[in-house]
Structure formats: structure tokens, C-alpha cells
Amino acid sequence: MQKRLVLDQQQISIILKRFCHQLIENHDTFENTVLLGLQPRGPIVSDKIVHLLEEISGIKVPFGYLDATFHRDDFRRRDFPLKANETKIDFLIEGKKVILIDDVLYKGRSVRAALDAMIAFGRPQKVELMILVDRKYTRDYPIMPDYCGFKVNTLETQYVSVEWKENGFEQDAIWITEKA
Amino acid sequence: MSQLSTRHLLGIKDISAEDIQLIFETADNFKEVLNRPIKKVPSLRDITIANVFFENSTRTRLSFELAEKRLSADVINFSSANSSVKKGETLIDTVNNILSMKVDMVVMRHSSVGAPHFLSKHIKANIVNAGDGTHEHPTQALLDAFSIREKLGDVAGKKVAIIGDILHSRVALSNIFCLQKLGAEVMVCGPITLLPKHIGSLGVKIEHDVEKALQWCDVANVLRIQLERQQIKYFPSLREYSLYFGINRKMLDRLDKEIVVMHPGPINRGVELNSDVADSEHSIILQQVENGVAIRMAVLYLLAGAK
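Chains as they are written, first to last, in the numbering used here: chain H, 1 to 180; chain U, 1001 to 1307.
Hints listed in this document are in silico derivations from the structure and should not be mistaken for laboratory results. We put the CB at the ideal spot given by N, CA and C, even for glycine. Among these hints, one or two may not hold up.
Label pairs and their computed distance ranges (CB to CB) [said to hold, decoys possible]: (1) U:1002 with H:157: 21 to 31 Å; (2) U:1002 with H:92: 29 to 39 Å; (3) H:179 with U:1124: 31 to 41 Å; (4) U:1233 with H:91: 53 to 63 Å; (5) U:1039 with H:179: 33 to 43 Å; (6) H:79 with U:1114: 26 to 36 Å; (7) U:1036 with H:125: 13 to 23 Å; (8) U:1039 with H:5: 36 to 46 Å; (9) H:80 with U:1244: 45 to 55 Å; (10) H:2 with U:1124: 39 to 49 Å.
Straight-line distance between alpha carbons at most 25 Å, and here's what the computed BS3-like set of lysine-lysine pairs gives [claimed, not checked]: (11) U:1250 with U:1212; (12) H:151 with H:136; (13) U:1039 with H:83; (14) H:97 with U:1040; (15) U:1181 with H:83; (16) U:1039 with H:97; (17) U:1212 with U:1159; (18) H:88 with U:1069; (19) H:151 with H:107; (20) H:17 with H:126; (21) H:126 with H:60; (22) U:1197 with U:1159; (23) H:179 with H:3; (24) U:1031 with H:88; (25) U:1040 with H:88; (26) U:1040 with H:126; (27) U:1102 with U:1040; (28) H:83 with U:1069.
Please work from the sequences and hints to get the whole structure.
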């Protein structure tokens, strides 16, 4: 299987730090800001951001995990239903500035579903989207990230795989892989 | 696995332990949904579900209806008492007429054993058995086992005594299948006249002394005396039944351990359960009702998603 490295561990680390500085610039003391990792792969990115933000600024930003499985628009259009993941939000997002975090932005359908799912927890003041890898020219919905780590050109026949040491890989890395 | 091995839920006997685990994991997520400020998800917004009840029901019908509405399905309710069934219409004609209105799923309760199985062979819609005679009541067994898992962490290795009218209970049979598939030990306890003759062949322990059953078990699932199904007298009087098989607080206090008390409802207070037990900290009866909605949401969601 053909594999092309997009980002290595050092590049990912630089991007995550850049995200934190951008967030500090835009959200100052994070008084009214919360982070939401989009299941299933966003939480690992959001956990890293929360940890780094605390390291850099000493601020512990409230965070949670949001699963949008029950809000997806492809239910009954797939061969089998997607398995839901845990939603863990211990706060109301009414009036809050919410930063949605995911690893890869592709069609934009997951983010649309996440926006729908998020509303069940209140009406946010503002929503921003943070994405590690943006697959250009593939969007089905008019969704763009506010914070983007890296943009890549990909084909329908390819997918972007994100590997984390926490998941048993040797190094953090992001690859473009040809679908089998 | 993210898909059930069946497109109907006719009984626990027909599904696997993996199916049950998938339903539980999905119900965990729906339980979280039910605790949100907005308790509704749009998953089944293009699905129409008919609740077809040929027998009385309060809890199960309300629970299914709420689950369907929480999933954004369109719901129609049918009760045989006010319908053309009274005019002699057959089961299959009734259901086919309902299906002509483009119904995708049928939740059915019927007094005849096997009615949902029969229906599943003749119509295209997904069928959920909400109780067929004295045979099975799968969603009740699922929510019972789910409640045990929630309270005790796991079902495997637990000892569950089903106490009461086993002979007329569809809950008992579904519970036995479900608990055994999940690795629990099951005992049935009741007067000899209210235990089916060959119940031992299902691999359950049999006991007639309720105090011994309580001492043995981690969980007591107490069943109602189903007087409406009893054509003959199976015991001299309710008072005598209550004296020998009713569970009261003193009996629980005499045990050298804490046990969990369950009841599928409706409770005959003072017959199989005294109020000092039904309303005690041992009881998880109201949690069972709450879990019922999450379990039924999970079942409907998974069946609707199956192709």
C-alpha cells in the first residue's frame, strides 16, 4: 500500500503549539471559552491542546467530548450504523465560545452533525473550528476551519491517517494512504 | 461490531451475547442523551413506527412511544380495543393495512405466543416484540440486565433469582435467556404450581423457599402474580401467597448481605413486594423504568440502521 508522510512528530508538535498561541491571542483568559473534541478522533487532539495550554499559560480550559453519531445525515444510507462514542460535556454551552476540535476535515458532514449535536447543550455565543489537517477541494458543505494545521490535496481514492503514540504507534505522524 | 445479527427483535433466544452487548453500549450513549437539556436526536426522522398493541400495556407502550419520539420518528398508535379487530379482521390484514401507510417498523404486543414471529415472515417492516403471550418480552429482559450491569458493574458471574409467577411470565423466560447469555447464574423461585414443569431443562436452579432464594442471590427480580392469565386457582389466596412468597423488609434485614431488588411492574404492593422493600434503597425499580427508554431507543436505532 502506498503511503506518503504529510506531517512528522516535530511538525505536529509545532502546529499544536501554534494552535495554543493563536487561541491565547484570540481568547485571552479563556473566561468564557470551552473546548470540544469531536469523537472519535478529535479528543486526542483536544486533550493535547488542553495540556499544552496549561503548560504555556497556566490556564485550565474547560473541555469535553462530543459525539455526533445520532445526528449524522448518512444513517440508513450506510450498510450498517456507525457505533456511537461517549459524549462527555459537564457544562452548559449556553452563551459560551466553543472551539470544536477534530483531526481531519474532509466532506464537512461530521462537523455539520457536530454543530447540530452541540445545540442540545445550549446556544453558544460563538463557534470556531480547529482542524489538524484540511483536505482541500473535498467539501460537501460550506464549512471552513478557523484554525488549520496543514492543508493537503487529496484524491477520493486516498485517505488521511493520523497516528498517535498514545494509540501504540512509534511516532506521531500523519500519512496520505491509497485506499485498498 | 456495530450491527445486530437480526433485522427483527422477536426474542432474546434468537440474538447473540454480542448483539446484547451492542445494544447495551448503544443504550449507554442514549442514556447520556436522555440527560441532556434537549433530549432528542434526529436519527429516525425519516422513519414511521406503528405501535400495535393487541393487549393492555401502560409502561411498555409509553416507554416505546417516548423512545420513538426521542429518536424523532413519526409514531402511530394502534390499540385493538378500538379497532376493526373487534369486527373480525385478521392479524395480517390489520398489519398490512397499517403498512400500506408506509410504516417502517412495527412494535407489537399480542396475547398469542409467536404472533411477532408469524408477522416477521409475512411483512417487510422490522418487527419488535413488545410481549407475546407467555413467551418472550425481550426489551424488558434487556433493560433488566442493563440495570443489573449499571448497578453491579457486570452481569457475568452474578446470581439472579426470579421470584413469583414464572408460569405465566414472558419476562421470566426472556430474562433467563438474557442473563444466561451474559454469564449470570439464574434461579427461579415460586410455588410449585407456578413453575413450568420442565423449567429445569433451561439450566436454572429451582427453589420453593423464598428466604433461601434471597440468601443465594445478588439480585432478586420479583414478578407479579398474573391473575388475568390464570384460568384456574394456582394457590389458595393472595393472602397466603403473600405470606409464603411476599418479600418484606424484615426478610432483607435478616440476610447477611445487600441484595438488589427489581420488579418489571406493575407492582401488586403487599402481595409479591411490600412497600418497605419497593421504596427502599435496595430497589432499582424506577431505574429500570428510566433504563427502559434508553434500551428501546438503542433497539429501534440499531434495527432501523440494519439493511
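When the structure is checked against the list of hints, which entries are broken? Sort them ascending.
As far as the earlier hints go, not one is violated by this structure.
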